[in-house]
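Participant: Whole structure, please, built from the sequences with the hints as guidance.
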Amino acid sequence: MAVAINLQAAILPLFIVLGSVLAWVCRRQLVNPGCHGFYRFFAFAGILWLFLNALQLWHHDITSISQILSLLLMLSALGLLIGGVYGLRCYGGTSARRQAEENFRFENTSTLVTRGIYAYIRHPMYSSLLLLNGGLVLKRPELDAIAVALLVTLALYLTARTEERENCDFFGSSYRDYLQHSKMFLPYLW
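Residue 9 in UniProt numbering is what sits at position 9 of the sequence shown, and the numbering runs on without skipping anything.
Think of the hints as simulated: they come from the structure by calculation, not from any bench. Just so it is clear, CB atoms sit at the ideal spot from N, CA and C, and this is done for glycine as well. Hints are supplied without guarantee of correctness; some may be wrong.
Estimated spans, in silico, between C-beta atoms of each pair [what the hints assert, rightly or not]:
| no. | residue 1 | residue 2 | range |
| --- | --- | --- | --- |
| 1 | V85 | C168 | 38 to 44 Å |
| 2 | S64 | S110 | 43 to 49 Å |
| 3 | D61 | C90 | 37 to 43 Å |
| 4 | D177 | C90 | 35 to 41 Å |
| 5 | I65 | V25 | 31 to 37 Å |
| 6 | R115 | G19 | 14 to 20 Å |
| 7 | S174 | L18 | 35 to 41 Å |
| 8 | A9 | C168 | 45 to 51 Å |
| 9 | I82 | W58 | 20 to 26 Å |
| 10 | I82 | R176 | 27 to 33 Å |
| 11 | L150 | L189 | 14 to 20 Å |
| 12 | L14 | S173 | 29 to 35 Å |
| 13 | P187 | G34 | 42 to 48 Å |
| 14 | L75 | V17 | 27 to 33 Å |
Facilitator: Okay, here's the thing in structure tokens:
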């Protein structure tokens, strides 16, 4: 019991410290509310909060339905992350986008990636974060965690929509065509 109390007391200081590091890493995005990274920061901050609040229950009742679903969602998130990174690295090339200096280097692809997982969904890494978000909330499915998870979902949606506008500007009609033939987050659904 003492360990749980100490961990609970450490959540806010840990969130402040790790959130500050995250804000420093995302400092270029935070000064430009028009870029997709601005909204992504808030998704990352929410996921950080969910993770820290789920830590003390991480291995609690591991055979319960919510824990099993949580594990499946997080493993699926890992698969989407790997597929997304692989697609960008193998098919995207690199480019210095003058209009997007806020981007992290790996985001600046010179070629529109429409192969691999990208043939089905435009944002596999954001889909990965959505699944991670769901997995974390299932670790501790309480009202505050559900509210934060909904805000994370909204932030990821805004991130994806903003990035799509940026990609339309950069890739032009080829990206607009791609929008018509792929889904945002879930193959064949959304």
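Participant: None of the hints should be skipped; say for each whether it holds.
Facilitator: Hints versus structure:
The beta-carbon spacing between V85 and C168, approximately 23 Å, falls outside the hinted interval of 38 to 44 Å. Checked against the given bound of 43 to 49 Å, the beta carbons of S64 and S110, roughly 47 Å apart, stay inside it. Distance hint check for D61 and C90: the Cβ-Cβ separation is about 40 Å, which falls inside the suggested range of 37 to 43 Å. As the Cβ distance of D177 to C90 is approximately 21 Å, the hint placing it in 35 to 41 Å is violated.
For I65 and V25, the Cβ-Cβ distance of about 36 Å falls inside the hinted range of 31 to 37 Å, so the restraint holds. Between R115 and G19 the Cβ separation comes to about 36 Å, which falls outside the hinted range of 14 to 20 Å. Against the hinted window of 35 to 41 Å, the Cβ-Cβ separation of S174 and L18 comes to about 39 Å, which satisfies the hint. The hinted window of 45 to 51 Å between A9 and C168 holds, with their beta carbons roughly 47 Å apart.
One distance hint, 20 to 26 Å for the beta-carbon pair I82 and W58, holds here, with the actual separation near 22 Å. Checked against the hint of 27 to 33 Å, the pair I82 and R176 passes, with Cβ atoms roughly 28 Å apart. For the hinted restraint 14 to 20 Å between L150 and L189, the CB-CB distance of approximately 19 Å keeps it satisfied. L14 and S173 have their C-beta atoms about 47 Å apart, which leaves the hinted 29 to 35 Å range violated.
Judged by the Cβ atoms, the range 42 to 48 Å given for P187 and G34 is violated: they are separated by roughly 29 Å. Between L75 and V17 the Cβ separation comes to about 28 Å, which falls inside the hinted range of 27 to 33 Å.
Of the hints listed earlier, those the structure fails to meet are numbers 1, 4, 6, 12 and 13, in rising order.
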